[in-house]
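Visitor: Those protein sequence lines, which keep their order, are chains U and X. Position 220 of the first sequence, counted from 1, bears residue number 220 in my numbering, the numbering being contiguous throughout. Position 162 of the second sequence, counted from 1, bears residue number 162 in my numbering, the numbering being contiguous throughout.
Accuracy of the hints is not assured; some may be wrong.
As the list claims (entries may be wrong) - Just the calculated beta-carbon pair ranges, DEER-fashion:
(1) Asp397/X - Leu200/U: 49 to 55 angstroms
(2) Gln244/X - Ile115/U: 58 to 64 angstroms
(3) Gln221/U - Pro328/X: 30 to 36 angstroms
(4) Ala157/U - Leu96/X: 32 to 38 angstroms
(5) Arg213/U - Ser83/X: 53 to 59 angstroms
(6) Gly59/U - Lys308/X: 49 to 55 angstroms
(7) Gly71/U - Asp271/X: 52 to 58 angstroms
(8) Pro12/X - Leu139/U: 23 to 29 angstroms
Stated by the list, open to error - Just a few of them, taken from the derived set where beta-carbon distance is under 10 angstroms, the chain U residues facing chain X:
(9) Phe118
(10) Ala136
(11) Gly154
(12) Met231
Calculated directly from the structure, the hints in this document are not laboratory data. These figures come from a predicted structure and were not determined experimentally. Glycine residues also receive a C-beta, built at the ideal position from the N, C-alpha and C atoms.
Listed below, chain by chain, are the residues.
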Amino acid sequence: MQDSWADILVKSFREVASRLTVFAPRVLAVLTLVLAGWLVAAGARRLAIRILGAADIDGRCARWGITATLGRTGIRRPPSELVGQLVFWLILLVGMLMAIEALEVPAAVGLAPVIIRFLPNLLVAIFVMVIGWLLANFLAQALLIFIVNAQLTGGPALAGALRWLVILFAASVALTQLGIAREMILLVFGIVFGGTTLALALAFGFGGRHLARNALESWLQKREDREPDDMSHL
Amino acid sequence: MSDAAAVVDLFPDADLAGLAAAGPVDVVAGVHIVNQARRAADVLDTVASALEAYSGSRRTGVLVADAESQDGTAEAVRAWRDSGASGPPRGCLDLLAPKHRGRAILALLRAAQRLEAQAVLLIDGDLTGVRADRLQALLEPVLGGEAEYVSPAYTRTVSEGTLTTNLLAPLTRALYGARIQQVMGGCAALAGATIGSWLEPGIETGDWHPHGAELWLTTAALASGARLVEVQLDRKLVTPGGPQPDLATILVRTVGPLFALMERYQAVWPDRTGSAAVPRRGDPSPVQADARTPAIEPMVRAFDLGLKDLLPVWEQIMPESTLARLYPLALVDPDEFRLPPPLWARVVSDFAVAYHERRLPRDHLLRALTPLYLGRVAAFVVEARATPLARIPESFDKIDRAFEVEKEHLVARWR
Chain U
1 MQDSWADILV KSFREVASRL TVFAPRVLAV LTLVLAGWLV AAGARRLAIR
51 ILGAADIDGR CARWGITATL GRTGIRRPPS ELVGQLVFWL ILLVGMLMAI
101 EALEVPAAVG LAPVIIRFLP NLLVAIFVMV IGWLLANFLA QALLIFIVNA
151 QLTGGPALAG ALRWLVILFA ASVALTQLGI AREMILLVFG IVFGGTTLAL
201 ALAFGFGGRH LARNALESWL QKREDREPDD MSHL
Chain X
1 MSDAAAVVDL FPDADLAGLA AAGPVDVVAG VHIVNQARRA ADVLDTVASA
51 LEAYSGSRRT GVLVADAESQ DGTAEAVRAW RDSGASGPPR GCLDLLAPKH
101 RGRAILALLR AAQRLEAQAV LLIDGDLTGV RADRLQALLE PVLGGEAEYV
151 SPAYTRTVSE GTLTTNLLAP LTRALYGARI QQVMGGCAAL AGATIGSWLE
201 PGIETGDWHP HGAELWLTTA ALASGARLVE VQLDRKLVTP GGPQPDLATI
251 LVRTVGPLFA LMERYQAVWP DRTGSAAVPR RGDPSPVQAD ARTPAIEPMV
301 RAFDLGLKDL LPVWEQIMPE STLARLYPLA LVDPDEFRLP PPLWARVVSD
351 FAVAYHERRL PRDHLLRALT PLYLGRVAAF VVEARATPLA RIPESFDKID
401 RAFEVEKEHL VARWR
C-alpha cells in the first residue's frame with residue numbers, strides 16, 4: 001500500500017518534471033519573445049515619436065485642425081504620441097503572436113500567420129475610418145454653419161444626417177477592405193443609401209410638395225428682401 | 001530675396017521700363033482695379049489730374065494694376081495708357097498669376113519702391129466720386145514730411161460701415177494704440193522710404209484676401225510706429241466691380257486677415273497700452289442720419305437661430321462664462337435687444353484666441369461669427385435709434401473703449 005502510494009507520487013512527480021522539461025524552454029521562449037517584443041515596440045515607439053516630432057507632425061495637425069477634432073472626442077494626447085502608441089501595440093501584438101506560436105498550443109497553431117496577413121488590411125481600415133470620421137465632422141460643421149448663416153432652420157438635423165452618412169460610407173469601405181461580408185456590406189449600403197434617398201424624394205414630392213414650395217418661396221423672398229442689403233458693412 | 005527677384009515674382013520687369021527710363025519718379029499713384037471697364041478711364045483721369053499739380057516740381061507717374069478683370073478693364077486701362085494724352089507718364093503692371101487685389105497692391109508698392117518714389121498714393125478703382133483735390137490732400141502730409149502714412153477719414157451715416165465701427169477699427173485701436181477711423185479706406189498715401197521696411201521678405205506668398213493687403217498696410221504702419229495723419233474726406237462711395245460676397249464671406253475676408261495680422265505682429269501689440277488720437281486734417285464731419293433705417297428683426301432672428309443651432313460650434317470657441325452672458329439675449333424682444341460693447345469685445349477676443357489656437361478650421365470659425373455680428377449690429381442700431389445724432393460718436397467711443405478694456409484679458413490668454 002505504502003509502496004504503491006510512493007510509486008504514484010514519484011510517477012506523477014516524474015511526469016510533471018518530464019512535462020516541465022519539455023514545456024519550460026517554450027515558456028522561456030514565450031517570456032523572451034514577449035520581453036523582446038516589448039523592448040522593440042518601446043524602441044520603435046520612441047523612434048516614431050522622434051521622427052514625427054522632427055517632421056513637426058503635431059504642429060501640422062494643430063494647423064489642420066486634427067488635434068482640435070481629436071480633443072473634442074476626449075483624446076488629449078498629441079498625434080505623434082498616438083501614432084507612437086499604434087506602432088508600439090502593433091509590434092507588441094506581433095511579438096505576442098510569435099510567443100503564442102512558440103507555445104505550440106494546438107488551438108493556436110497557424111493563428112499568427114493569419115493575423116499577420118490580416119494586419120495591413122486592418123491598418124488600412126483604421127486609416128479609412130479615421131479619415132472618414134474627420135471628413136464627416138468637417139463637412140457636417142461646414143453644412144451647419146452654412147445653413148444657420150442662410151437663416152434656414154433644421155441645420156443640426158441635416159448636419160447630423162450628413163455626418164452619419166459619411167461615417168457609414170467610411171465604415172462600409174473599411175469593412176470591405178477587411179473582407180468582412182463584402183457583398184452584404186455593399187448591398188446594405190446600397191439599400192440604405194438608395195432607399196433613404198428614394199424615400200426622401202417620394203416624401204418630399206408627394207407629401208411635402210406644398211411645404212417644399214412654401215419653403216423655397218420663403219427662401220427666395222428672403223433673398224429678394226435682402227437685395228439690396230440695408231447695411232454697408234465696410 | 002532681392003527686390004529684383006520679388007518684382008519679377010509679381011509682374012514682368014519690362015512693365016516698369018518706360019517709367020523707370022528717365023530716372024526716379026518722385027510721386028507714384030498706384031491704382032488697383034477689378035472689373036471697372038466703364039469707369040476705368042474716368043477714375044484714372046482723376047488720378048492723373050491730381051498728380052498734375054506736382055508736375056512742375058516733381059516727376060510723377062500713374063501705375064495701374066488690373067487684378068484679373070473679366071469685363072475688358074485691362075484693355076480699357078491699356079487704351080488709356082496709350083491714348084497719348086498729356087499729363088504724368090502712365091504704366092500698367094501685368095500681374096503674374098495668381099492675380100488678385102492683394103497682389104496688385106503689393107505689386108504697386110514693389111514698383112514704387114523700384115521707381116524710388118518719395119510718396120505713393122494707393123487708390124482702389126472701386127471708389128466712386130473721388131476728387132483730384134481730395135487725393136492731393138492725402139499726398140500733402142507725406143510730401144510735407146509730416147507723415148509716413150496718411151489714411152482717409154470719411155463722413156458716414158449711423159449704420160454705415162458697421163463692421164468697421166463695431167469690430168475692425170475698435171480692435172485695431174485697442175491692439176496698436178491709435179484711434180484710426182478707417183482700416184480699409186480704399187485709398188491711402190505713404191512715404192516711399194517706409195515701403196521697404198514694411199514689405200517683409202516672402203510677403204507675396206501670404207494668403208491675401210481681397211481686403212488683406214489693405215488691412216496689412218494700415219497695420220504695418222501702426223505696428224511700425226510710423227507717423228500717421230488722417231485726412232477728412234466726404235462719404236465713401238463704392239461701385240463694386242462684380243457681385244458682392246455674402247456677409248459670412250466678408251467676415252472671412254476682413255476679420256480673418258485682422259486675426260492673422262495679430263499673429264504676424266504679436267511681438268508688438270501685447271505691450272501697447274491705451275490709445276492716442278491720430279492727427280486729422282480737416283474738420284471731422286458730424287454723423288449723418290441713415291437714408292433707410294436698417295431692419296432689426298431679421299438680424300435678431302439670425303442671432304437667435306445661431307444661439308439655438310450653432311451652439312455646438314460656439315462652445316468650441318467661447319468659454320461657458322461668455323456663453324452664459326449670451327443665453328439671456330435670446331429672450332429679449334427685438335426692439336429691446338442689447339449686446340453691450342463689453343460682451344461684444346469679449347466675444348471677439350474669444351474668437352481671436354480660438355483662431356490663434358486653431359481650435360477649428362479657420363474658415364468655419366470666422367463664418368460662425370456671423371450671427372453674433374448681426375446681433376451686435378442689431379444692438380447698435382437699437383441703441384442708435386434712441387441716441388441723438390450728435391451723440392452717436394460717443395457710442396463709437398464706447399465700443400472702442402470696451403475693446404481697450406478687453407485687451408488685458410486678450411493678452412493674458414494669447415500664447
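Visitor: Which constraints among the numbered hints does this structure fail? Numbers only, ascending.
Guide: Result: hints 4, 6, 7, 8, 9, 10 break, sorted rising.
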